[in-house]
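Chemist: One-letter residues, chain by chain:
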Amino acid sequence: MALTGKNKDRVQRGGMVLGVALVLGWCLLPVVWIISLSFKSQAAVTNGSPGFFPSSGGGAGWDNYRDLLFDDQYAQFRRSILNSIGISLIATILSVAIATLAAYAIARLDFKGKKFVLTTALVIAMFPVVSLVGPLFDMWRTIGLYDTWPGLIIPYMSFTLPLAIWTLSAFFREIPWEMEQAAQVDGATQWQAFRKVIVPLAAPGVFTAAILTFFFAWNDFVFGISLTSTEAARPIPASLSFFVGNDPFNRPASLLAAGAVVATVPIVILVLFFQRKIVAGLTAGAVKG
Amino acid sequence: MSTTTAPKASRSQEPRRKAAVTDRERTENSLARKLVAPAIVLMLFVTAFPMLRALYLSLFSYSLTAPDDREFVGLSNYWTALSDELFWRDTGNTVMIMLVTVFFELVIGFAFALVMHRLIFARGLVRTSILIPYGVITVVSGFAWQFAFSNSNGFVNGWLPFIGDDFNWFAQYDSSMIAIMASEIWKTTPFMSLLLLAGLAQVSEDMIEAAKVDGATWFQRLYKVILPNMKAAIMVAVLFRALDAYRIFDNIFVMTAGANGTESISFLTYRQVIEQFQLGIGSALSVLLFLSVLVVAFVIVKVFRVNLADARQES
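These protein sequences, in sequence, are chains D and V. Take 736 as the starting number for the first sequence in our numbering and just add one per residue. Take 23 as the starting number for the second sequence in our numbering and just add one per residue.
It should be emphasised that the hints constitute simulated quantities derived from the structure, not laboratory data. Treat the hints with caution; some may be incorrect.
To be verified - Chain V residues, not near chain D, derived (Cβ > 10 Å throughout):
#1 Glu50
#2 Leu79
#3 Ser83
#4 Thr102
#5 Leu104
#6 Ser105
#7 Glu107
#8 Val129
#9 Leu153
#10 Arg269
#11 Asp272
#12 Gln294
What the hints assert, rightly or not - Estimated spans, in silico, between C-beta atoms of each pair:
#13 Glu47/V x Gln919/D: 15 to 25 Å
#14 Gly786/D x Phe241/V: 37 to 47 Å
#15 Lys324/V x Thr924/D: 46 to 56 Å
#16 Asp807/D x Val323/V: 48 to 58 Å
#17 Gln747/D x Leu182/V: 28 to 38 Å
#18 Val858/D x Val325/V: 10 to 20 Å
#19 Glu909/D x Phe71/V: 27 to 37 Å
#20 Gln808/D x Leu53/V: 48 to 58 Å
Ideal placement from N, C-alpha and C gives every residue a C-beta, glycine not left out.
Just chain V, same shape as in the assembly:
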């Protein structure tokens, strides 16, 4: 709140004016709290409250198929999960999907952003098209790519030169993962490229021009001028996408249903809770999933020293 409009008070009035300001602060505080309350209550009701309940349930051996046999088992659910090879295999899958997809999205997304930034014709057409993968339901994207890779009805085998026409992409681990990641990368690259485009728009043209005059090549301008100046935008894009990729579920559910060891950690949790009704161990997995997302977020924020509030210039 700017105080510059208030007339300068004489020394004798000082204490009264101070009280007036705190009064005003108090009303503003209470109005703001009332306005913010519904949003906070709703957000916490569906996240914090169930999360605490998961924390509680994770200490029990509890199956919905035999609810009366619920019994307190301490931390043994966590021990079961952490000592199971399945948990580590699925975490490995998830981390790999996160690293590979974010890398490709960043590279392709940046290329797309460069094209859109320099575009002088067909701007509307390109921006409209780039929003379509973003808007398409992930399940639809999963089906489209599953059928595209299918050896009986798809076109991918016919188009790729070194792949036999009857190659079954979903018969083994490696090729299944490629298909899953293709769908994920296709759908989310446009979002990445729009965030990067907004970052590109903030790089000053004068600086690029100055570097050009000084004889910098295109690559030098890219590495020494453009990329350092859009670091904040890149970091925000990477953080958002990495955490989103870590939650991968839809594509795996639709395309392989976890066959050939392609399960992600989200899929494992879902299977325990919804398909097998193992609420005890499922809750332990939920807590572990939540903690691992926190770790990923922490690592990204620390490694890249990204401050989201700064990126938005919000204090």
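In isolation and in its complexed conformation, chain D is listed as follows:
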């Protein structure tokens, strides 16, 4: 059946709008839901309040957030925010620094064993993390890393290195390295050439790798629950899973939802500001960009 040009355009545009609506609904519905749940009052949740939005009278306003952030009872949760930020940031900085060296070698130098490095990275990226939990648990307890920041930073580094190396080497191969020599010919010193030419060209790639690394460390759950036992190092995901309110038999769903929202805020901020870089980084590793 042939549609006339104008009608066909209209059908296509209608389909597009529908498609966009579906994608947005898919991505945002559960997020809106958890936000909505975080505004239900704890009493309403205990009695049972089915429905998407906080019903009239069952709303709690900002009470859940206030309790979570200022009530003494939830000091452990606040401590886990600090742990998560500290551990994820340190792991990210160290991992990206080490990965930058390796990625430079892979992108620019010819050497035996390049394939070995890339294969190792790939195998580790697919490693079943849980199978390491037992031996690491045993090792960390012996050397005293159990339930400490470094005890989590070290595994996070090893498991984010593959992603960082893979992403960075894809970026580095696109850099026109001849420009370094060109700058030197024009009278720049080697240091100037590196700082003024290469660093600005490499920075976006390094930054992208850093964001993806941070996401991984922030999201980790397996190491977080297995290698910590107290608030000394327990990160947010583990802390959320052990979240118990006043009544141990009835999990405080709305408080938990508020905690979940707090844990999601940094991610949403990163996504809002660096959407392009994240998309580029995610696909650079798998498909040649």
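Chain V: place on chain D using the hints.
Modeler: Chain V in isolation, oriented as in the chain D frame:
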């Protein structure tokens, strides 16, 4: 390294030039090794070394609650695990979750990729939104869906037409698995769709246009032109996601804690080691988990003949 810039040497100088090149290769090799070493050491320290230790510990009857009773038992831990129904039930669960979630992620992810590829308005908004499920912590996703399916506080029962309002999704196996897989699919479909979008971008528009001129319908263009030309991207996406799905742990821990037989193989291993301190049998399970991931990877690579290095055009 390109040698085209080097001036053509006369025949008499040939041996000397050769030596110079190997010298240069040698310095380059050693510099590269120094640059790569920290990354390799760190990656192997946390994976290969503990894995070897797991291999060693798996030969002992070893429980942390009675560390002095450690005794060499050979392969009997493996025999215990492999002859236990629990191991096979959990492996079955894991394989099923892997197959079902990857299938849905591929179909929905491809539809999303098509929408994003053809999009002329709201590009930034759509790409920003699609990254949100990717960034959300899996534990948070698990809670969001657990509460959504809950019969006392959720909205799913109210929205689904044929489900009674007091239906308890977490009271039996089938519906619990659906809830777990819903959370898994929701969180990871965006990643899949971004990988597929990058693949779509590499399909030449001219070829699609040519097929159109030749009278190919939309479905013919999809099956004969678009899909074959983005095979590499699809395979990479499937491989990554399948291996990731095989490790499923977070969602099950949060949503059911393995109740009603919804345990995965990762969860079983975790339970043996961390909750019951059975390091011997737990290590055997760790080794078996590692081996089964290798088998899954091998099968995917062989069946689809995917070469990751080729896909990246890295030699």
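Chemist: Next, verify each hint and record whether it holds.
Modeler: Hint by hint, here is what the structure shows:
1. Glu50: violated (5 Å)
2. Leu79: Violated: least Cβ distance 7 Å, not greater than 10 Å.
3. Ser83: holds (14 Å)
4. Thr102: Non-interface label stands for Thr102/V: nearest chain D Cβ at 16 Å, farther than 10 Å.
5. Leu104: Leu104/V clear of chain D: closest Cβ-Cβ about 16 Å, beyond 10 Å.
6. Ser105: Correct as stated: the minimum Cβ-Cβ distance to chain D is 20 Å, above 10 Å.
7. Glu107: Holds, since 20 Å exceeds 10 Å.
8. Val129: holds (13 Å)
9. Leu153: Not fine: 5 Å to the nearest Cβ puts Leu153/V too close to chain D.
10. Arg269: Per Cβ check, Arg269/V is inside 10 Å of chain D; nearest 5 Å; violated.
11. Asp272: Incorrect as stated: the minimum Cβ-Cβ distance to chain D is 4 Å, not above 10 Å.
12. Gln294: About 8 Å separates Gln294/V from the closest Cβ of chain D, which leaves it inside 10 Å; violated.
13. Glu47/V x Gln919/D: 15 to 25 Å: Holds, at about 23 Å.
14. Gly786/D x Phe241/V: 37 to 47 Å: holds (41 Å)
15. Lys324/V x Thr924/D: 46 to 56 Å: Holds - the Cβ-Cβ distance for Lys324/V and Thr924/D, about 53 Å, lies within 46 to 56 Å.
16. Asp807/D x Val323/V: 48 to 58 Å: holds (54 Å)
17. Gln747/D x Leu182/V: 28 to 38 Å: Since the Cβ atoms of Gln747/D and Leu182/V sit about 31 Å apart, the hinted range of 28 to 38 Å holds.
18. Val858/D x Val325/V: 10 to 20 Å: holds (19 Å)
19. Glu909/D x Phe71/V: 27 to 37 Å: Roughly 35 Å apart at Cβ, these two residues keep to the hinted range, so it holds.
20. Gln808/D x Leu53/V: 48 to 58 Å: holds (56 Å)
Going through the hint list in order, the structure does not satisfy hints 1, 2, 9, 10, 11 and 12.
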